[in-house]
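Asks: Sequence:
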Amino acid sequence: EVLTQLLACWLTVDKTDLPLTPRLVGAPGIGKTQLAIAAARRQKLPLYIYQCTADTRPEDLLVTPVLSQHGQISYHASPLVSAMIQGGVCILDEGNRMNEKSWASLAPLFDQRRYVESIVAGISIHASPMFRAAITMNQDESTFEIPDYILSRLQPTLAVGFPNRQDELAILEYHLPFAEAEMLAMTVEFLQHSHELKLDFSPRDGINLLRYASKRMMQDRNHPMSQDHAWREALEKCLGADALDLDNLAERRRRTLGGDAMPLGLADFFFDPDDPLHPDRDDDDDEDEFEDDDDDV
Numbered sequence: 001e002v003l004t005q006l007l008a009c010w011l012t013v014d015k016t017d018l019p020l021t022p023r024l025v026g027a028p029g030i031g032k033t034q035l036a037i038a039a040a041r042r043q044k045l046p047l048y049i050y051q052c053t054a055d056t057r058p059e060d061l062l063v064t065p066v067l068s069q070h071g072q073i074s075y076h077a078s079p080l081v082s083a084m085i086q087g088g089v090c091i092l093d094e095g096n097r098m099n100e101k102s103w104a105s106l107a108p109l110f111d112q113r114r115y116v117e118s119i120v121a122g123i124s125i126h127a128s129p130m131f132r133a134a135i136t137m138n139q140d141e142s143t144f145e146i147p148d149y150i151l152s153r154l155q156p157t158l159a160v161g162f163p164n165r166q167d168e169l170a171i172l173e174y175h176l177p178f179a180e181a182e183m184l185a186m187t188v189e190f191l192q193h194s195h196e197l198k199l200d201f202s203p204r205d206g207i208n209l210l211r212y213a214s215k216r217m218m219q220d221r222n223h224p225m226s227q228d229h230a231w232r233e234a235l236e237k238c239l240g241a242d243a244l245d246l247d248n249l250a251e252r253r254r255r256t257l258g259g260d261a262m263p264l265g266l267a268d269f270f271f272d273p274d275d276p277l278h279p280d281r282d283d284d285d286d287e288d289e290f291e292d293d294d295d296d297v
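Numbering-wise (my numbering), the sequence shown opens with residue 1 and increments by one.
Source of the hints: derived by calculation from the structure; they are not laboratory data. Keep in mind that a hint or two might mislead.
Said to hold, decoys possible - Label-pair distances were calculated between CB atoms; the ranges are:
#: 1; residue 1: T256; residue 2: M218; range: 37 to 43 Å
#: 2; residue 1: S128; residue 2: S152; range: 49 to 55 Å
#: 3; residue 1: G87; residue 2: D200; range: 34 to 40 Å
What the hints assert, rightly or not - Straight-line distance between alpha carbons at most 27 Å, and here's what the computed BS3-like set of lysine-lysine pairs gives:
#: 4; residue 1: K198; residue 2: K237
#: 5; residue 1: K44; residue 2: K15
#: 6; residue 1: K237; residue 2: K215
We put the CB at the ideal spot given by N, CA and C, even for glycine.
Construct the entire structure; sequences and hints are all you get.
Replies: Next comes the structure, spelled out in structure tokens:
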């Protein structure tokens with residue numbers, strides 16, 4: 001359904017109509033970029049991908065000067081500008097890792113003007129009518145807040161959620177056609193259970209887990225490792241020991257987020273809960289002393 005919605009964003013219904021630039025939003029590793037790639041292939045357009053980072057500068061997005069071997073300066077177009085000129089699709093991957101200054105350089109591209117200005121090269125570059133773009137964004141804390149005047153240009157927002165059991169199995173089978181059926185089933189069961197518990201394990205985690213487990217099983221043909229042993233080792237090495245018990249992990253995270261947290265008093269900011277000097281500490285020893293005094297009386 002999200003693929004259909006993305007393709008609809010890129011349609012034009014009239015000569016005066018313009019394509020939309022949607023945001024694909026979701027957790028890391030669930031296939032946002034692959035979804036955009038599939039849409040570009042469906043359109044049969046050239047594909048360009050730019051990986052956004054916190055260090056991305058406006059000139060990195062547009063035109064970069066390069067010193068050639070003869071001492072002359074040449075200008076290299078970025079993947080974004082290449083897509084604009086060639087009439088292709090550009091995916092700005094993890095766009096919310098870019099700062100506002102970099103986004104500001106793209107403001108005229110994503111409205112009715114459809115061009116960018118390169119200060120370095122001193123030129124304006126207009127986008128081909130066939131140019132299409134999409135932005136992927138992860139839902140995590142290690143990102144910049146995109147200003148509203150940019151968000152208003154990146155519409156609509158297409159939420160990409162975790163796949164259901166059937167789709168998740170199809171994803172794993174597509175990427176790992178050599179994987180054993182039993183190991184595929186164990187991985188899908190693990191991932192589906194993690195989704196139910198609101199944990200952030202993704203299909204990408206499942207793919208890496210299965211790759212490692214398959215390699216461990218094939219490593220020594222004379223003494224092959226059992227499927228269960230290889231799978232559990234891969235689970236621990238790829239996702240951490242906490243992944244061995246999803247229910248316990250989910251409970252601990254819930255408590256960390258404040259599900260069962262007790263309200264803090266002023267003293268809690270200065271003393272550990274078990275500190276003898278904590279004024280609100282319940283001291284069992286004091287109670288025992290009072291009981292001893294009562295017995296003496």
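Asks: Next, verify each hint and record whether it holds.
Replies: The hints, checked one at a time:
1. T256 with M218: 37 to 43 Å: With Cβ atoms ~39 Å apart, the hint holds.
2. S128 with S152: 49 to 55 Å: violated, 23 Å
3. G87 with D200: 34 to 40 Å: holds, 37 Å
4. K198 with K237: holds, 21 Å
5. K44 with K15: Distance ~20 Å between K44 and K15 Cα, so the pair holds.
6. K237 with K215: holds, 13 Å
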